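Produce the entire structure from the sequences given, and follow the hints as far as they go.
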Amino acid sequence: MTQESHSTATKSPKHIIAAELEEGLNSSNLELPVMPRVASKVFTLTNDPNSEVSDLSKLIHSDQSIASHVLRIANSAAYGGGEQIVSLQQAVARLGMNLLGEIAIAVSVQSDLFKAPGFEAQITQLLRHALASAAYGKEISRKRRRNVEGQFLCGLLHSVGKPIAVQLIAKITKEKDLELDKKSVAQLVGAFHRKIAAKVAVDWKLPEQLQVTTIYYKRYESAPSFREESAATYLSQLLASWIINPANFKANELIKDPVFGFLNFYPDDAEDLLNKKDDVKAMVSAMEI
Amino acid sequence: MNIDEEFDLIVIGSGPGGQKAAIQGANAGLKVALIERERKVGGTCVHHGTIPSKTLREAALTITTLRRNADVFDFKLKDNMEVSTLMKRLDSVLGSYTDFISEYLASQGISYFHGRASIADANTVSLTTLKGSSSFLSTKYIVIATGSKPRTPPDIEVDHENILDSDSILSMIYLPRSLTVVGGGVIASEYASIFSLLGVKVTMFDRTPRPLMFMEPECTEKFLNHFTTNGSEYIGEAKYESIRWDSVSQVITKLNNGTEISSDKMLVAQGRIANTQGLGLEDLGIELGRNGTIPVDDNYQTSVEGVYAVGDVIGPPSLASVSMEQGRRAICHALGTDPGSKFELVPIGIYAVPELSSVGLSEEQAREKYGDDIIIGRASFDEVARGQIAGIKDGLLKMIADSKTLKILGVHVVAEGATDLIHVGEMAILNNNDVRVFLENVMNFPTLGEAYRIAALNIITKHAERLARKPESRIQNLIEQAELN
Numbered sequence: 043m044t045q046e047s048h049s050t051a052t053k054s055p056k057h058i059i060a061a062e063l064e065e066g067l068n069s070s071n072l073e074l075p076v077m078p079r080v081a082s083k084v085f086t087l088t089n090d091p092n093s094e095v096s097d098l099s100k101l102i103h104s105d106q107s108i109a110s111h112v113l114r115i116a117n118s119a120a121y122g123g124g125e126q127i128v129s130l131q132q133a134v135a136r137l138g139m140n141l142l143g144e145i146a147i148a149v150s151v152q153s154d155l156f157k158a159p160g161f162e163a164q165i166t167q168l169l170r171h172a173l174a175s176a177a178y179g180k181e182i183s184r185k186r187r188r189n190v191e192g193q194f195l196c197g198l199l200h201s202v203g204k205p206i207a208v209q210l211i212a213k214i215t216k217e218k219d220l221e222l223d224k225k226s227v228a229q230l231v232g233a234f235h236r237k238i239a240a241k242v243a244v245d246w247k248l249p250e251q252l253q254v255t256t257i258y259y260k261r262y263e264s265a266p267s268f269r270e271e272s273a274a275t276y277l278s279q280l281l282a283s284w285i286i287n288p289a290n291f292k293a294n295e296l297i298k299d300p301v302f303g304f305l306n307f308y309p310d311d312a313e314d315l316l317n318k319k320d321d322v323k324a325m326v327s328a329m330e331i
Numbered sequence: 345m346n347i348d349e350e351f352d353l354i355v356i357g358s359g360p361g362g363q364k365a366a367i368q369g370a371n372a373g374l375k376v377a378l379i380e381r382e383r384k385v386g387g388t389c390v391h392h393g394t395i396p397s398k399t400l401r402e403a404a405l406t407i408t409t410l411r412r413n414a415d416v417f418d419f420k421l422k423d424n425m426e427v428s429t430l431m432k433r434l435d436s437v438l439g440s441y442t443d444f445i446s447e448y449l450a451s452q453g454i455s456y457f458h459g460r461a462s463i464a465d466a467n468t469v470s471l472t473t474l475k476g477s478s479s480f481l482s483t484k485y486i487v488i489a490t491g492s493k494p495r496t497p498p499d500i501e502v503d504h505e506n507i508l509d510s511d512s513i514l515s516m517i518y519l520p521r522s523l524t525v526v527g528g529g530v531i532a533s534e535y536a537s538i539f540s541l542l543g544v545k546v547t548m549f550d551r552t553p554r555p556l557m558f559m560e561p562e563c564t565e566k567f568l569n570h571f572t573t574n575g576s577e578y579i580g581e582a583k584y585e586s587i588r589w590d591s592v593s594q595v596i597t598k599l600n601n602g603t604e605i606s607s608d609k610m611l612v613a614q615g616r617i618a619n620t621q622g623l624g625l626e627d628l629g630i631e632l633g634r635n636g637t638i639p640v641d642d643n644y645q646t647s648v649e650g651v652y653a654v655g656d657v658i659g660p661p662s663l664a665s666v667s668m669e670q671g672r673r674a675i676c677h678a679l680g681t682d683p684g685s686k687f688e689l690v691p692i693g694i695y696a697v698p699e700l701s702s703v704g705l706s707e708e709q710a711r712e713k714y715g716d717d718i719i720i721g722r723a724s725f726d727e728v729a730r731g732q733i734a735g736i737k738d739g740l741l742k743m744i745a746d747s748k749t750l751k752i753l754g755v756h757v758v759a760e761g762a763t764d765l766i767h768v769g770e771m772a773i774l775n776n777n778d779v780r781v782f783l784e785n786v787m788n789f790p791t792l793g794e795a796y797r798i799a800a801l802n803i804i805t806k807h808a809e810r811l812a813r814k815p816e817s818r819i820q821n822l823i824e825q826a827e828l829n
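Protein sequence lines, in the order shown, are assigned to chains R and E. So the first sequence is residues 43 to 331, counted in this note's numbering. So the second sequence is residues 345 to 829, counted in this note's numbering.
Bear in mind the hints are in silico, worked out from the structure with no lab data behind them. Since we're looking at a predicted model, the values are computed, not measured. Ideal placement from N, C-alpha and C gives every residue a C-beta, glycine not left out. Check before you lean on any hint, since a few could be wrong.
To be verified - Derived DEER-like restraints, expressed as beta-carbon distance ranges: (1) E/432 with R/283: 28 to 38 Å; (2) R/82 with E/661: 41 to 51 Å; (3) E/583 with R/316: 39 to 49 Å.
See below:
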């Protein structure tokens with residue numbers, strides 16, 4: 043028996059996976075997923091001043107899965123304008139380039155990126171939370187009279203480290219033929235998702251605002267820049283948790299979170315935000331695959 | 345109602361006017377409370393207006409300098425430039441500035457409260473904190489300095505995503521390809537010229553024939569030349585018939601002259617409205633004016649004795665410099681002390697690209713007051729050595745003098761550095777100097793200040809030409825004076 047296999051035999055599966063993840067992150071050998079092809083292209087197109095709507099439309103046409111989801115979302119209650127949408131051109135006209143870009147990124151992140159056999163339920167839950175954070179982020183920005191585009195992506199990608207952590211855990215579990223209970227998975231995700239997110243944010247060349255908010259949203263007061271955007275991201279994920287698991291929160295307790303004060307939301311502002319929950323839920327159920 | 349704390353003076357709002365009123369009161373021995381609704385002191389000027397836009401402006405100028413010296417620096421602006429990259433210094437600028445103000449207010453013994461104020465009566469202010477708890481503060485005097493916010497016309501839907509106002513425009517992630525600016529005032533001109541300099545195709549339109557109508561036409565002409573050189577456009581005497589997001593990628597604007605403008609984003613700069621909501625002014629019996637402004641008398645006192653209002657909340661000129669002076673004067677009046685003679689000379693500074701600045705009489709005002717007994721001197725910055733060195737060649741300094749006494753009546757500058765340069769002219773006017781002050785004293789060389797010497801020399805030459813001419817008929821005189829000017 044080699045020394046390595048001996049130590050593997052004596053450590054718990056959780057510790058083995060933790061050591062693998064730690065080693066991978068420290069040595070930069072961890073195989074992180076690349077940004078989904080379509081999401082990456084959409085990201086580039088929506089931020090390229092020289093791109094045209096037709097470029098985005100063509101790109102969406104090229105991906106059957108995304109095209110079908112875009113059509114479904116365009117016809118959903120949240121976005122529908124009464125008339126049935128049957129073509130992508132119509133969808134583009136109804137939703138607009140920015141929103142279409144957001145939908146395409148949201149859909150491709152959900153469909154392409156995170157394949158973790160055996161962990162599907164966790165991944166689905168995490169992505170639903172990310173979508174809800176994105177939708178709430180827009181409402182928070184609007185309330186603050188700030189540009190709303192960026193906050194959607196901050197919300198969507200703030201927890202990108204979590205599904206990637208689940209995916210990596212699933213991979214190591216399979217490779218090493220280990221068994222891991224749900225609690226251990228949650229502990230490992232909690233321990234590693236921020237470090238993973240930090241690395242992914244740089245690897246995916248996300249705009250600086252997204253890099254900072256992804257890493258610092260929970261410690262928004264110590265963010266080196268984009269402090270208010272980080273706080274808005276923290277609040278968006280908090281409100282997302284509330285609408286997904288309302289039983290875990292009391293609304294009157296929720297609005298006591300210091301982040302409301304940090305963003306200078308008075309009680310009536312906070313109430314206004316909480317009252318947006320149905321709009322946010324509608325947007326999430328429309329965008330969810 | 346139980347009073348929780350007693351003060352002599354309560355100032356609502358911590359922008360330039362509020363700060364000055366609070367400090368003036370504290371220096372006079374009053375027990376002062378300063379209430380601010382936002383998290384940090386400074387008001388719109390610091391957090392959403394003057395300082396953020398100037399930070400972006402400085403970045404735009406730096407880029408221009410690098411572009412001009414592209415062969416030296418091998419410089420090319422990234423295609424997908426993040427706006428935040430251009431505003432890198434903003435956090436540190438704001439941090440330093442607000443820390444300084446906070447420390448200074450504390451050092452003056454001013455009690456600072458973070459919360460919303462509502463005036464219960466002329467001597468009582470209720471304070472509601474972020475957490476919703478309320479308290480009542482009593483006072484002898486109240487100064488309202490709550491500032492203003494962008495006005496949104498009812499027929500334009502500002503969504504802060506595609507159609508923005510001056511609060512949300514600086515939080516865009518990326519620079520748009522094109523921008524339509526609705527308005528021709530200070531905010532519109534500043535942002536239009538800054539974004540134009542950054543390579544954005546800007547179309548600005550307004551009902552006035554030229555932007556910045558209150559500035560000297562020769563100066564705005566220079567400004568427009570610069571603006572259009574960058575590929576942007578000003579459409580004058582135009583009103584919008586409709587503005588809508590096309591639900592695809594463009595904001596579509598239809599003008600009453602038949603023009604249709606299509607752009608990635610729109611900035612709506614249609615004036616500002618006073619922040620008076622929630623102050624309880626109606627119950628106090630104060631009737632609001634246009635755009636929610638608070639009417640005041642010459643001493644900045646409202647219709648309620650002991651309640652004053654200063655700064656943007658009382659309407660134009662909405663300049664930080666003027667707001668401060670208004671705050672000082674309000675306190676002087678409250679305490680019955682002499683504020684000194686009323687300021688008549690207020691310099692105007694516009695931080696467009698290039699800067700425009702003005703003090704004293706315009707040519708039109710001077711002609712109204714002095715008839716044709718004025719002489720105008722001009723200095724083009726391509727004649728100024730420092731202008732050549734610094735690449736500031738398209739500037740102009742226009743000086744207006746009384747032709748009998750040669751006293752300086754007004755100075756108008758368009759060029760980088762104009763907002764600083766104007767103070768030289770302001771001091772000369774305040775001291776009743778005539779134009780020879782710039783010829784008979786030593787000034788640093790090479791500096792942009794040399795423009796004063798050139799303009800003064802231009803006036804002296806024209807003056808000498810006038811004196812050398814024989815008396816002519818009045819009509820002939822008028823023709824020649826017009827030619828000389």
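- Taking each numbered hint in turn, which are not upheld by the structure, reported in ascending numerical order? When the structure is compared with the hints, none of them turns out to be violated.
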